[in-house]
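Enquirer: Listed below, chain by chain, are the residues.
There are 2 protein chains.
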Amino acid sequence: MELTVIKIGGNVIDDKAKLGSFLQAFAGVAGYKILVHGGGKVATDIGKTLGIEPNYVNGRRITDEATLELVTMVYGGLINKNIVAQLQAEGCNAIGLTGADGAVLPAHKRPVKDVDYGFVGDVKSEQVNGLLIKALLQNGLTPVFAPLTYGQGSLLNTNADTIAQEVSKAMAKYMPVQLIYCFEKKGVLLDAEDDDSAINNITANDMGELKENGIISGGMIPKLENALEAVAQGVQKVVIGHAEELAGLISGNAGTSIT
Amino acid sequence: MELTVIKIGGNVIDDKAKLGSFLQAFAGVAGYKILVHGGGKVATDIGKTLGIEPNYVNGRRITDEATLELVTMVYGGLINKNIVAQLQAEGCNAIGLTGADGAVLPAHKRPVKDVDYGFVGDVKSEQVNGLLIKALLQNGLTPVFAPLTYGQGSLLNTNADTIAQEVSKAMAKYMPVQLIYCFEKKGVLLDAEDDDSAINNITANDMGELKENGIISGGMIPKLENALEAVAQGVQKVVIGHAEELAGLISGNAGTSIT
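Those sequence lines, one after another, are chains A and B.
Each residue of the first sequence is one higher than the one before, starting from 1 at the first, in my numbering.
Each residue of the second sequence is one higher than the one before, starting from 1 at the first, in my numbering.
With the rest of the complex left out, here is chain A (with noise of 0.2 Å):
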């Protein structure tokens, strides 16, 4: 069976309504389906109210241990498990799980060179625990996924792109995998300004084309080389778009397919 990994954001999870029909529409994907959700506005509020202050250093978060407890509940418990069982009322068996649980998601905690990231965790891709989530999707669950690895005994936060692309990779062993990556606009754009101009299809030929042109520029270079990646090591076919086309997503009617 075909399994789609789906990965939303911030964007998505901070809005009740447009979470709600984001996850109806979720609970209605055929086949095997993993959701990957990253964190979002309720954590930086929820840390503001308990005086952890958000920490950065050249422009990137810190994760201090006041934080690493702060996105231990908020995404592992208060988000994640708010999914769940808002995918259990829509009649999707939804199993909440960070990369503790089974040892899921092993990382290595990111060694300190110019900077102290503090509690962030890169995945060791090779020990990606596969074969659990393959289980578990034979047993009919649907895994969803916090943006927590684990590593040298503790919880790491991890961006939630990354746990998407390092899932969709290990999965590829085992069955056909497409990932899809929603976020707040309807796909790579030709014209920045329309909306409504989004790049049917983007190869490994067209990126230096596209780079010229300044058609992509700035955090869209590493999520399309992500995609790349991903793609080169056996998913096959990444999907970025709007969480509100989810299913023109799955068919291949809307978004940006990277092939």
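One should not assume that every hint holds.
[Said to hold, decoys possible] Per the computed footprint, the stretches of chain A lying under chain B, defined by three or more beta-carbons under 8 Å from a beta-carbon of chain B, are:
| hint | region |
| --- | --- |
| 1 | 42-51 |
| 2 | 68-80 |
| 3 | 86-93 |
| 4 | 98-105 |
| 5 | 118-130 |
| 6 | 146-154 |
Hint data in this document are derived by calculation from the structure and do not stem from the laboratory.
Quick caveat: nothing in here was measured; it's all calculated off a predicted structure.
We put the beta carbon where it would ideally sit given N, CA and C, even for glycine.
Position chain B against the provided structure of chain A, taking the given hints into account.
Expert: Quick look at chain B alone, frame taken from chain A:
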């Protein structure tokens, strides 16, 4: 293989050193095992900082919407996932669960009679998903339950003692089960002033005399009645004793056995 279900409460959870040595002992328990944990002061403390004041009616805590969010974060996230990470560090392949995960613990939202308890769940005993728990155990996993069940589309707050009892009764259909309640004393004490006076064994026949003599009273009466009910429904043995004596409680050399 025999299954040991062990419940710990706030007195262990709130003390980092005690929790660490308990989890080390737990990781060493042979055979199938399940951990059920309660809440602890940390939830009240975080709640206070967030401005969520405990709300009591007739001495019973009410779970309003803010409190449900709090316990979802703290029980389902902070406490549960930290226990899972620490067990992984001890070589025990733990997986954290609430009742919503895999719909493993379906519950009724407690109906409003004299008091509206809010988001509190009473487990639907006959619907506990013992087959999922069995599948997890057979895949080498050790389930760790937070005191949260699932019903009417929502997580629900449920007493950890009750969850331990319901899980034990459900699993008794598939394998021999012993249920161990860790609390702050060494067992049911003949002399309340003497912590070394634990009664070795209690059966249903002893209850009348123990109540008459005032040896058991207050909260111990429903605890023992629940234990006897679990035994009546197929659990081989219930043991009540101190978390620091886990090995003795399992081997029968410490605590009070209810058979």
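Enquirer: Against this structure, judge whether each hint is valid.
Expert: Each hint, compared with the structure:
1. 42-51: holds (count 4)
2. 68-80: Since three or more residues must qualify, the claim that chain B covers the region 68-80 of chain A holds, with 9 doing so at under 8 Å.
3. 86-93: Since three or more residues must qualify, the claim that chain B covers the region 86-93 of chain A holds, with 4 doing so at under 8 Å.
4. 98-105: holds (count 5)
5. 118-130: violated (count 0)
6. 146-154: holds (count 4)
Going through the hint list in order, the structure does not satisfy hint 5, though it satisfies all others.
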